[in-house]
Amino acid sequence: MTTDMQDESEIFRGTTTGKTLLRNSRSVRGTPKAGMPAFVLGEELADIADSDPRIVVGTADLASANRTNDFHDRHPDRFVNFSIAERNMITAAAGMASCGMIPYVATFASFSAILAAEQIRTDCAYPNMKVRVLGSHSGMSMGFYGTSHHALEDLAMLRCMAELTVVCATDANHLRAILRASVEHPKAMYIRLGRGRDPVVYDDVPEIEFGRAIRLREGTDLTIIACGSQVRASLDAAEKLAKEGVSVRVVDMFSIDTIDAAEVKAAAETGAILTVEEHNVTGGLGSAVAEVLLDLPRIAFRKHGVPDRYVEVGPPAALYAHYRLDVAGVAEVAKELMARKG
Numbered sequence: 001m002t003t004d005m006q007d008e009s010e011i012f013r014g015t016t017t018g019k020t021l022l023r024n025s026r027s028v029r030g031t032p033k034a035g036m037p038a039f040v041l042g043e044e045l046a047d048i049a050d051s052d053p054r055i056v057v058g059t060a061d062l063a064s065a066n067r068t069n070d071f072h073d074r075h076p077d078r079f080v081n082f083s084i085a086e087r088n089m090i091t092a093a094a095g096m097a098s099c100g101m102i103p104y105v106a107t108f109a110s111f112s113a114i115l116a117a118e119q120i121r122t123d124c125a126y127p128n129m130k131v132r133v134l135g136s137h138s139g140m141s142m143g144f145y146g147t148s149h150h151a152l153e154d155l156a157m158l159r160c161m162a163e164l165t166v167v168c169a170t171d172a173n174h175l176r177a178i179l180r181a182s183v184e185h186p187k188a189m190y191i192r193l194g195r196g197r198d199p200v201v202y203d204d205v206p207e208i209e210f211g212r213a214i215r216l217r218e219g220t221d222l223t224i225i226a227c228g229s230q231v232r233a234s235l236d237a238a239e240k241l242a243k244e245g246v247s248v249r250v251v252d253m254f255s256i257d258t259i260d261a262a263e264v265k266a267a268a269e270t271g272a273i274l275t276v277e278e279h280n281v282t283g284g285l286g287s288a289v290a291e292v293l294l295d296l297p298r299i300a301f302r303k304h305g306v307p308d309r310y311v312e313v314g315p316p317a318a319l320y321a322h323y324r325l326d327v328a329g330v331a332e333v334a335k336e337l338m339a340r341k342g
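In terms of full-length UniProt numbering, the sequence shown has 236 at position 236, counting the first letter as 1, and numbering is strictly consecutive.
Check before you lean on any hint, since a few could be wrong.
Derived lysine-lysine pairs resembling DSSO-like cross-links, with alpha carbons at most 27 Å apart [claimed, not checked]:
#, residue 1, residue 2
1, 335, 265
2, 341, 240
3, 240, 303
4, 243, 341
5, 303, 335
6, 303, 341
7, 341, 265
8, 303, 243
9, 335, 240
10, 265, 303
11, 243, 335
12, 240, 265
Simulated from the structure, these hints should not be mistaken for laboratory data.
In this text the structure is predicted, and so the values were computed from the model without any measurement.
My request is simple: use the sequences and hints to build the entire structure.
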């Protein structure tokens, strides 16, 4: 392992007191942690709760890792630590929702979406309870923690559940937009988050609508449709390709279950579509886009993500490079697709 592949925050230094070393830490590359998604979660929910008494927040012994302790500091009477009992937490949240509360419950995506999938379906989605399940540290961002802590199947598992809205947060400002829009959303929700160090895509809080994608860059030769952590990598890959004379459109397809079919159909006009996601290539964003393309004339298309096998264990940055989910890798895959387009 080389130093430039290691990031000090890959080692969790949080405490249960709410005063983490991570909050003020910097990566070995000097990247500040403040303002990144996991670190605005509790703060944004606390802001919303200031004027909405229905908001309650829960977690399963991960208040420091997901920063829900920022909510606890301001609204301790509306915060519950369920300890390591994720399935009980989600069932209890459904009960709170049945009483008119709007619960936001947060834990690692591997424990919420995968461990507690049955509770999300039967206790939240089926009876239409307005529970917001926040799955942080999704994909392979847990690195060294291995398969039990990786969440590379959550989108596939949850997007097929009826009456459940599934969205991916792209960066801190995008997460703020999703949380604000989620308050009055009529369905149960699963909100997928990165590991809290996602690079900036949105300089300000964007206007969003669930079910509508955001076109971030225009292009005529190829469209990259990405979500979550891969949006920034796709934008940077597009910039790299532009220097080689390739015009690439980039779309943030953050709504996964209600995919923006119109934007996918519009992308077909570029003649080639590449989907990029930090997820198993089976069942996630790529599959959702492919379902739309079935109704269109055939074009060059490729799903890019994690191969259908359990990933290696290592520093996240090294894993992204290994699976070609970094900027260079996405650009390489895009050029391979362009070669097929002819």
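Comparing the hints with the structure gives:
no.: 1; hint: 335 - 265; result: 21 Å, holds
no.: 2; hint: 341 - 240; result: 19 Å, holds
no.: 3; hint: 240 - 303; result: 20 Å, holds
no.: 4; hint: 243 - 341; result: 19 Å, holds
no.: 5; hint: 303 - 335; result: 14 Å, holds
no.: 6; hint: 303 - 341; result: 15 Å, holds
no.: 7; hint: 341 - 265; result: 17 Å, holds
no.: 8; hint: 303 - 243; result: 24 Å, holds
no.: 9; hint: 335 - 240; result: 11 Å, holds
no.: 10; hint: 265 - 303; result: 16 Å, holds
no.: 11; hint: 243 - 335; result: 13 Å, holds
no.: 12; hint: 240 - 265; result: 25 Å, holds
Of the numbered hints given earlier, the model fails none.
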